[in-house]
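**Student:** These are the residues of each chain, in order.
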Amino acid sequence: MATKKPARKAAPSLDVKALSAELGATVKEGKVVQTRGAYYLQLGAKKLPIPVGTAVRAADLAKLVGQSVPVAVAGSSIISIGRNGPRCYMILCYKPAPDVFGQINDAVRATVLQQLAQAGKIEAGLAQQITEAKAAVQLLG
Amino acid sequence: MLSFEQIVLEVTEACPNACLHCYNYWRDDRAPVRSSGTLTRNEIRAIIRSIKADSRLKHVGISGGEPLLRRDLPGIASDLIDEGLGVLVITSGASLTEAVLSRFPRETAFEMTLFSSDAALHDRVAGRTGAFARLVKAALLVTGRGHPLAISVVANRLNAQRTGDALRLGLALGGNAFLFNRMNLTRAMLPHAGELAPTAEQLSVALDQAEEFARECRTTVSVSVPIPPCVVDLTRYRHLFFGWCARGGVDSYYTVGYNGLLRPCNHSSQILGDLRTHSFRELVRSRRTRSFWRPVPSECKQCELPDAHLCRGGCPAAADECYGTRLRRDPVVDVILRPAAVPVARKGPPS
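Sequence order for the protein chains is A and B. Under my numbering, think of the first position of the first sequence as 1, with each following residue one higher. Under my numbering, think of the first position of the second sequence as 1001, with each following residue one higher.
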């Protein structure tokens, strides 16, 4: 019997317009070009260098070379390129911005705790303390 | 309207811990919780309202010292949340009891600094016996009541190589945001940097462990104290998000001291002015403030490494604190790459 193929989950996309409104930037159509190993954004007659590093990776830019893409710019700063470009997290020193908070499965937490205890990285009493506290919370709903 | 969205509010300089690598410039001369200059809850509310009127303020990081030493902290957090702001309390967890926690609004997020999964090592770095046990208890209370919890692992030479275990313990405790920071340097700490600052190899190992943790647990780790790319190649980390000094840009987080004095950030001792007598707008737009952010060290201007445009010499506040000038690069670069150029203390690290 043929089984139904699960629907492919869409990759989370970046709402460039919303982000631009939020950041006070404007959205333009631009083209990513590569010249002598460096990446540039062609915006009309302007050619802006795209700095490559941990925030913008060369491999991601290579996929966009030659394509027309929406670009959010504020002054001479490029804020985002493309529809699915990774949004940089706002990171503060010692203070994570709220969008850094994520959801973690309870099963993952339990497994990690078990691994720490089994490897002797934490004392058995601490593992038990954590397990009991989590169980009490679950009981209370 | 200024575009800044966040500030740090240091409600007290007092702290029961004595972290080996504490970066606060007042670490050896702390104002007590109740000192004559301490802002009252009403003064704090008025200052925050004034900053909000001048900017797009959305988030306040309440820090210290140890903010929980203030008995009116839940009320301060409530005031800020009533103003429509996001609140993050940055604490060691000391003195957080169920009764105190129950007075905080549910929306309050907490951040706790965990140095190690090993209780003895955590206590040694925190400079206080029992600090680990208090943190564990506080973290379980916080997550048990459903507050968001960020776990920040701060690495020095003693604990850097056990970063992965500390992050995992943070996750097991219920953390749902993770930070990895290298210790930052100050004038008091610089002569001891050779004993306390992690080496390049230790930083690489710590970052490798943070990357492995993030990949395995399907989360991310924010690395917010700048690690200059001349110290470690950061491009190989796919699950870590590196932060850089915003240098007065939109992501800057000006810091309000316990007495209403404004500073460029929590690492700096430079006073930009008094928020009780001047508006946030006036102080931020002053020549003094603008000139604080301007210098990029000449030795970094020609740097072509990845992220050089973001790094721009690392932490300017650390350079300012250690060398008295922001024309030099982050002292961590010298400590790691040119240790002979760094002054050495004759005594052991301050305890």
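Please keep in mind that the hints were generated in silico from the structure rather than gathered at the bench. Just so it is clear, CB atoms sit at the ideal spot from N, CA and C, and this is done for glycine as well. Some hints here could point you the wrong way.
[Stated by the list, open to error] To spell it out: a stretch of chain A is covered by chain B in this simulated footprint if at least three of its residues, at any positions, have a beta carbon under 8 Å from a beta carbon of chain B; those stretches are:
#1 33-45
#2 60-66
#3 112-119
[Stated by the list, open to error] With a straight-line Cα cutoff of 35 Å, these simulated DSBU-like cross-link-like pairs (lysine-lysine) come out:
#4 B:1137 - A:28
#5 A:28 - B:1301
#6 A:46 - B:1301
#7 A:28 - A:63
[Stated by the list, open to error] Taking CB as the label site, the calculated pair distances span:
#8 A:51 - B:1030: 26 to 34 Å
#9 A:102 - B:1274: 46 to 54 Å
#10 B:1195 - A:131: 51 to 59 Å
#11 B:1309 - A:115: 23 to 31 Å
#12 A:123 - B:1249: 38 to 46 Å
#13 B:1298 - A:131: 24 to 32 Å
**Student:** Compare the structure with each hint and give your call.
**Tutor:** Okay, the hints, checked on the actual structure:
{"no.": "1", "hint": "33-45", "result": "violated (count 0)"}
{"no.": "2", "hint": "60-66", "result": "violated (count 0)"}
{"no.": "3", "hint": "112-119", "result": "holds (count 4)"}
{"no.": "4", "hint": "B:1137 - A:28", "result": "51 Å, violated"}
{"no.": "5", "hint": "A:28 - B:1301", "result": "30 Å, holds"}
{"no.": "6", "hint": "A:46 - B:1301", "result": "24 Å, holds"}
{"no.": "7", "hint": "A:28 - A:63", "result": "19 Å, holds"}
{"no.": "8", "hint": "A:51 - B:1030: 26 to 34 Å", "result": "41 Å, violated"}
{"no.": "9", "hint": "A:102 - B:1274: 46 to 54 Å", "result": "39 Å, violated"}
{"no.": "10", "hint": "B:1195 - A:131: 51 to 59 Å", "result": "38 Å, violated"}
{"no.": "11", "hint": "B:1309 - A:115: 23 to 31 Å", "result": "40 Å, violated"}
{"no.": "12", "hint": "A:123 - B:1249: 38 to 46 Å", "result": "45 Å, holds"}
{"no.": "13", "hint": "B:1298 - A:131: 24 to 32 Å", "result": "56 Å, violated"}
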